[in-house]
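A.B. asks: Take a look at the letters that make up each chain.
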Amino acid sequence: MSEDSKDLAKASDSRYSEHEYDLGLRVANPDAVVDPGLEPHRVRMTDKSVKHEKNAVRQVTALFVLSMLGSAFALYAYFAFPIELGNMGSVRLNTLFLGLGITLGLLGIGIGAVHWAKTLMPDNEVSEERHLTRGSDEKRAAAVEIINLANQESGFSRRKLIRRTLYGALAFFPLPGLIIFGDLGPNVNEKLRHTAWKPGTRLARDPNGRAIKASDVTVGSVFHVIPDGLMPDTEGYLEQKAKAAVLLVRVDPSELIETPERASWSYQGIVAYSKICTHVGCPVALYEQHTHHLLCPCHQSTFDLVNGCKVIFGPATRPLPQLPITVDKDGYLVAQSDFLEPVGPSFWDRSVK
Amino acid sequence: MTTAPVKKNSFLAGTANYVDERVGVAGILKEFGRKIFPDHWSFMLGEVALYSFLVLLLSGTFLTFFFNPSMAETIYQGSYAPLKGAHMSVAYSSSLDISFEVRGGLLMRQVHHWSALLFVAAAGLHMLRVFFTGAFRKPRELNWVVGFVLFVLGMAAGFTGYSLPDDLLSGNGLRIIDGMMKGIPVIGTSISTGLFGGEFPGTAIVSRLYSLHIMLVPALILVFLALHLFMLVIHKHTHYSGPGKKDTNVVGYPLMPVYVAKAGGFFFIVFGVIMLIATFFTINPIWNYGGYDPSPVSAGTQPDWYIGWLDGALRLAPTGIEFMVGNYTVSTNILLPLVISLVFLAAVAIYPFIENWVTGDKREHHVLDRPRNAPTRTAIGAAGVTFYAVLWAGASTDLIATNFKMSLNQVLVSMQISLIILPFVAFFVTKRLCLALQRKDREIAIHGRESGRIVRLPHGEYIEVHEPLDPHDLYKLVDFKDYKPTLARPNADGRITVGSRIRASMSKFYFEDRISPATQTEIDEAAHHNHEIEAEVKKAIESK
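Those protein sequences? They're chains A and E, same order as listed.
1 is the number of the first residue of the first sequence in our numbering; add one for each residue after it.
1 is the number of the first residue of the second sequence in our numbering; add one for each residue after it.
For the record, the hints were derived by calculation from the structure and aren't laboratory data.
You may find that some hints are simply not true.
List of simulated lysine-lysine pairs, BS3-like, C-alpha gap at most 30 Å [as the list claims (entries may be wrong)]:
(1) E:LYS405 <-> A:LYS310
(2) E:LYS138 <-> E:LYS30
(3) E:LYS538 <-> E:LYS440
(4) A:LYS139 <-> E:LYS30
(5) E:LYS538 <-> A:LYS48
(6) A:LYS54 <-> E:LYS431
(7) E:LYS246 <-> A:LYS118
(8) A:LYS118 <-> E:LYS30
(9) E:LYS35 <-> A:LYS118
(10) A:LYS139 <-> E:LYS236
(11) E:LYS362 <-> E:LYS431
(12) E:LYS362 <-> A:LYS139
(13) E:LYS236 <-> A:LYS118
(14) E:LYS484 <-> A:LYS118
(15) A:LYS48 <-> E:LYS476
(16) A:LYS118 <-> E:LYS262
(17) E:LYS35 <-> A:LYS139
(18) A:LYS48 <-> E:LYS35
(19) E:LYS484 <-> E:LYS538
(20) A:LYS139 <-> E:LYS138
(21) A:LYS139 <-> E:LYS484
(22) A:LYS51 <-> E:LYS262
Chain A side only, calculated, beta carbon under 8 Å to chain E, not exhaustive [claimed, not checked]:
(23) LEU161
(24) ILE162
(25) PHE347
These numbers were taken from a predicted model, which means no experiment stands behind them.
Ideal Cβ placement from N, Cα and C applies to all residues, glycine included.
The shape of chain A in the complex, shown without the other chains (with noise of 0.2 Å):
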């Protein structure tokens, strides 16, 4: 701190001279512009002509008037346009008129108000001291007073063991209250890794659960799926639809790329994929039939369906699973197991058997 900036810190007011304020990097001006007060005040027309003033005073009347007018429409509104059940149009009607009227009631108020006080209150700009923040020397010694006699009557630093013990108590007391959180949810880590997927599920259309023969599924022709039998009465239907949903799609066999051990999980050509994007979950819903693409439209992670649904665009990292599929003896096409792999978004510890 340089020694001039110390100087204005303590000369710019006697108020400050108590208590020494470091200016830090501010640079002390001794030639600036000296301060010519408050701007003289602009007189009104309502505060020189008393035509003005009654008008204003008229207008603040009506704007109140036309306020209770509104509340009392708004009470007209709620009766006179009642909902008929089924009638979209009464809905509106009541939602239109009923608004109108409590916004009437509101703003006449308010623009009534502000113009009060804008146009017949007066209008000098007032200025008044202020304090500095930090209580004065003598209120600061008398704070301390009282906490050291606080400490001195109850032996808050001298009673050492009390103390601690008390520090002590104070740390484990909250512990009780966290570890009943403790049941907010039980250990679904085992579920996480199966879905209602089982070998010779059915696969059906979602959402009215008709079973998919190989034979309806033509080339190009997209079905969102979900188990054989998982209804929405089915205990845990939207927690098992959640992960279970799978997207079948028909391609050329000459286009898809299978990796061997993967040859057989379609069938001539139809392939199931989980519908559960394996970023944060949301269902991938959209599919271009000429470049087999899937696109999630929440983060807009793209996977390449005839190529393993392997990610080529977006922040989703992992491809979607697979679902092995065949058809059962009278052409239905079923589910050979469950997914290999947890599906839907990542969690830590997904890979650990």
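With the hints as your guide, set chain E onto chain A.
C.D. replies: Just chain E now, kept in the frame of chain A:
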């Protein structure tokens, strides 16, 4: 003690006396009744936030009477024909009933949603105002932190409320939250199952969010609001620089009657405008989305605006950065956006302390800066705003691509690049603009305003006559605090500490480019020069 100069036995005097004898209200009125509040349009932003919060409390209370936060399965039998017979949760069904069967229900739902959007928007703009005018400086650093907490709580209140109707859109929002939580190493799965009460979506989340939304979060907001306003009263409001306005005074209108009328009236205006918007503009038409189902999703889904920047951060994460450590999965594609968002928020929260440490200015500041007079701070703010804006726009990459018929991939990649480059551009441009504006101010202060009057002097020179400023106008241009960089200095032991070095280079970063305010001497000299020219002009005219 008599309270008011009202005639004896009047109802008003009687009431005042009754209240004072029991509450001692006269002392409170004496202390606060004529408290001075400065007036400026930008001070209304915080008021808008406060009032929309009150509207939220009112409309929210109404909604609780009709809403049923249960995820129990039901078959819809209400009055909205397209969904008749659909399986849905009780929460969704009761939200539909509020919309279609309760008079004023849809109106109140829309009032609640619009005022939530306005609350976060006004709080955000209020924060920007406080930042760009330096209102966070001593003694208000802690109040900045309190305000920051309020802003974050506002987002929390918004998100917990957004998910309550249990419609398809909000369900997908929760799915994303679930995925994000699972991406946290080691404890992520436990956090997710703890929140959802087991597997996603479970049957607990809506009622749990409901408890948070109507009890915990609003209670916290009220507590921090009380702290915020308490400190406002302690500090007294700041005022803009100008003649008569000093760090040692406060210039404005008294609380009673002017401010009570203006601020009270403004509450009704804010309420009225929200009501007007809610009357005419549909928000969150949950009946269009259907109940939550993990399988379908609609393209072009958007979160409420204040969550957008977080969603954008998720979208802008580069492809394929998730990796394995042994058998364990590290979801960097989720952690990176999370960490970046948290670092950004932390930087916002601690900024006042950083600037205070660099300037070392320990005095109280009650006069606001014009943004141009703190070029580096303003530039930092502009860079922050740009960073936030790119993340925000990032949440709409798909809409931008489809509406402007561009490649989604290119839009996203250019956003990724912009996120890194644009804040630097914004910093540089803003800083130069501020310095240019300061130079212009200085020029006007010293030489006066250009009058547009061109005069030819006898020796052939053309000059434009400059008119001196009114002293009040002049003072507005020269009244600001001026800082200069420092060098690393050895401490008492004669050692130059790392801290001292960092502070020196930070001070260089902040104040290397500085325009000092015009001094009285400079102005006098210029005026003297002006007089000489004027005399010359006069002489020339007379000699004609």
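A.B. asks: For each hint, tell me whether it holds in the structure or not.
C.D. replies: Hints, one by one, checked against the model:
A hinted pair counts as satisfied when its Cα atoms are at most 30 Å apart, and LYS405 of chain E with LYS310 of chain A qualifies at roughly 26 Å. For the given pair, LYS138 of chain E sits about 28 Å from LYS30 of chain E by alpha-carbon distance, which is consistent with the 30 Å threshold. Simply put, LYS538 of chain E and LYS440 of chain E have alpha-carbon atoms about 28 Å apart, close enough for the 30 Å limit, and the pair holds. Proposed proximity of LYS139 of chain A and LYS30 of chain E is supported: the alpha carbons are some 22 Å apart, at most 30 Å.
Of the supplied pair hints, the one linking LYS538 of chain E and LYS48 of chain A is violated, its CA atoms being roughly 41 Å apart against a limit of 30 Å. Between LYS54 of chain A and LYS431 of chain E the alpha-carbon distance is near 51 Å, which puts this suggested pair outside the 30 Å criterion. Between LYS246 of chain E and LYS118 of chain A the alpha-carbon distance is near 25 Å, which keeps this suggested pair within the 30 Å criterion. As the CA atoms of LYS118 of chain A and LYS30 of chain E are separated by approximately 24 Å, the hinted pair is consistent with the 30 Å bound.
Taking the CA atoms of LYS35 of chain E and LYS118 of chain A, the gap is near 18 Å; set against the 30 Å cutoff, the hint holds. Only pairs whose Cα atoms come within 30 Å are accepted, and LYS139 of chain A paired with LYS236 of chain E is accepted, the gap being roughly 20 Å. Taking the CA atoms of LYS362 of chain E and LYS431 of chain E, the gap is about 25 Å. The hint holds against a cut of 30 Å. Proposed proximity of LYS362 of chain E and LYS139 of chain A is supported: the alpha carbons are some 21 Å apart, at most 30 Å.
As the CA atoms of LYS236 of chain E and LYS118 of chain A are separated by approximately 22 Å, the hinted pair is consistent with the 30 Å bound. A distance of roughly 43 Å separates the Cα atoms of LYS484 of chain E and LYS118 of chain A; the hinted pair therefore is violated under the 30 Å criterion. Taken as a hint, the LYS48 of chain A and LYS476 of chain E pair is honoured in the structure, with Cα atoms around 29 Å apart against an allowance of 30 Å. Between LYS118 of chain A and LYS262 of chain E the alpha-carbon distance is near 8 Å, which keeps this suggested pair within the 30 Å criterion.
At roughly 23 Å between alpha-carbon atoms, LYS35 of chain E and LYS139 of chain A fall within 30 Å of each other, so this suggested pair holds. At roughly 27 Å between alpha-carbon atoms, LYS48 of chain A and LYS35 of chain E fall within 30 Å of each other, so this suggested pair holds. Straight-line distance between C-alpha atoms of LYS484 of chain E and LYS538 of chain E comes to about 43 Å, which puts the hinted pair past the 30 Å bound. Simply put, LYS139 of chain A and LYS138 of chain E have alpha-carbon atoms about 21 Å apart, close enough for the 30 Å limit, and the pair holds.
Restraint check: the Cα-Cα separation between LYS139 of chain A and LYS484 of chain E comes to about 36 Å, which exceeds 30 Å; the hinted pair is violated. Between LYS51 of chain A and LYS262 of chain E the CA atoms are separated by roughly 23 Å; this keeps the pair inside 30 Å, and the hint holds. Annotation: LEU161 of chain A was flagged as interfacial toward chain E, and the flag is violated, the nearest CB pair being 35 Å apart, outside 8 Å. Hint on ILE162 of chain A is violated. Least Cβ distance to chain E is approximately 31 Å, over the 8 Å limit.
A distance limit of 8 Å between C-beta atoms decides the matter here; for PHE347 of chain A the minimum to chain E is near 4 Å, and the interface restraint holds.
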